[in-house]
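Asker: Residue numbers (our numbering), protein chains in the order written: chain C, 116 to 254; chain U, 116 to 254; chain F, 116 to 254.
Keep in mind that the hints were calculated from the coordinates and are not lab data. Just so it is clear, CB atoms sit at the ideal spot from N, CA and C, and this is done for glycine as well. Be aware that one or more of the hints could be misleading.
[Claimed, not checked] Once the Cα atoms are required to be at most 35 Å apart in a straight line, the calculated DSBU-like pairs of lysine-lysine come out as: (1) F:Lys117 / U:Lys121; (2) F:Lys117 / C:Lys117; (3) F:Lys245 / C:Lys184; (4) U:Lys117 / C:Lys184; (5) U:Lys245 / U:Lys117.
[As the list claims (entries may be wrong)] Beyond 12 Å from chain U on every Cβ pair, some chain C residues (computed): (6) Leu182; (7) Lys184; (8) Pro190.
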Amino acid sequence: MKSYRKELWFNVPSRRGFVNITPQVEECLDESGVSEGLVLVNAMHITASVFINDDEPGLHHDYEEWLEKLAPHEPIRQYRHNDTGEDNADGHLKRQVMGREVVVAVTDRRLDFGPWEQIFYGEFDGRRRKRVLVKIIGE
Amino acid sequence: MKSYRKELWFNVPSRRGFVNITPQVEECLDESGVSEGLVLVNAMHITASVFINDDEPGLHHDYEEWLEKLAPHEPIRQYRHNDTGEDNADGHLKRQVMGREVVVAVTDRRLDFGPWEQIFYGEFDGRRRKRVLVKIIGE
Amino acid sequence: MKSYRKELWFNVPSRRGFVNITPQVEECLDESGVSEGLVLVNAMHITASVFINDDEPGLHHDYEEWLEKLAPHEPIRQYRHNDTGEDNADGHLKRQVMGREVVVAVTDRRLDFGPWEQIFYGEFDGRRRKRVLVKIIGE
Chain C
116 MKSYRKELWF NVPSRRGFVN ITPQVEECLD ESGVSEGLVL VNAMHITASV
166 FINDDEPGLH HDYEEWLEKL APHEPIRQYR HNDTGEDNAD GHLKRQVMGR
216 EVVVAVTDRR LDFGPWEQIF YGEFDGRRRK RVLVKIIGE
Chain U
116 MKSYRKELWF NVPSRRGFVN ITPQVEECLD ESGVSEGLVL VNAMHITASV
166 FINDDEPGLH HDYEEWLEKL APHEPIRQYR HNDTGEDNAD GHLKRQVMGR
216 EVVVAVTDRR LDFGPWEQIF YGEFDGRRRK RVLVKIIGE
Chain F
116 MKSYRKELWF NVPSRRGFVN ITPQVEECLD ESGVSEGLVL VNAMHITASV
166 FINDDEPGLH HDYEEWLEKL APHEPIRQYR HNDTGEDNAD GHLKRQVMGR
216 EVVVAVTDRR LDFGPWEQIF YGEFDGRRRK RVLVKIIGE
């Protein structure tokens, strides 16, 4: 069994944003030499997500508005977590909707994807350096 | 390490619906010959889900109503994604609540399930052929 | 390839609650002898979750209030699932928001975690014994 590990670093300049990280994950897969197996891609921070969906700016705008409706950032004081001095409680909630991680099949050295699947880093408390873990196991 | 791959095809005749796909995944596991490992089952389309819950029609009705409340289909024009000519933005949102994929343990050649766990395909933009990927790795 | 399996049992004394199960999962990893691979941790029941987030009581209070707003327990009769004699339909909904499972990388015999990641059992229909599955594969 082969195993491979890499950390990807991001610094999203706004509080929230989505970044297509598919090319970096493909690069990891190339480096790993794995042709059959599984790739795990997970946020290492708890106010961020990794998810798979469409690379369409209108949709990302819809996600932003929808998540803000489901778990609004303001008023800060509505969340008990923010009594600790943080202002990111909403980010912990939004991340649960969008998910921490994806697991993707590796077949014949490629990410085994449907036609529109792309991997995104979802940031809900940005303006600082944060990490995603890529772990690949297989043969 | 053994690895196995199969695509399952579905054509749900309505916009939304849930299909119990546990028997097909069990068939895949039989074919794979894997006795210890992991099964990944994921929607290959981005307006569909794979999730594990109860095979109870009342519950599926509740999911339908609840998801429609969290991310309503109408009015179409409320979503910027639909400016692209699509009418399925709500499906992209609903799928994030229900999830893209499940990972299930394989123990002693069986899906290692609790008493009520069943795997479902969740369709949020149906009336066309769409795929689920089953990938199994192990020994 | 090594594989390891263990069931963890919980009896949360209230209807809903969150339990940090990271120490038990670390114990499983020690017992498994796996140094490189993947850990799957999943609820075996369909009104419970396993998720990764922060071990901060204020945040858990926020999750509780937020989930109760997204999928309220009362009135019981609003859910068709409860016509079966159950009163836990809301638990099946809440569990979809928080997720069934997590997959965690194993690197150098450790759970490969970011600074604040902790694994929780999320109970949405407690006051009885329920199980979590830990499955580890790797080398």
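Asker: Each hint needs a verdict: does it hold in this structure or not?
Answerer: To see whether the hints hold, each was checked on the structure:
1. F:Lys117 / U:Lys121: With Cα atoms ~24 Å apart, lysine 117 of chain F and lysine 121 of chain U stay inside 35 Å; holds.
2. F:Lys117 / C:Lys117: 13 Å, holds
3. F:Lys245 / C:Lys184: With a Cα-Cα distance of about 33 Å, the restraint between lysine 245 of chain F and lysine 184 of chain C holds, given a limit of 35 Å.
4. U:Lys117 / C:Lys184: 45 Å, violated
5. U:Lys245 / U:Lys117: 27 Å, holds
6. Leu182: 9 Å, violated
7. Lys184: Lysine 184 of chain C not clear of chain U: closest Cβ-Cβ about 9 Å, inside 12 Å.
8. Pro190: 22 Å, holds
Going down the numbered hints, you'll see the structure goes against 4, 6, 7, while the others check out.
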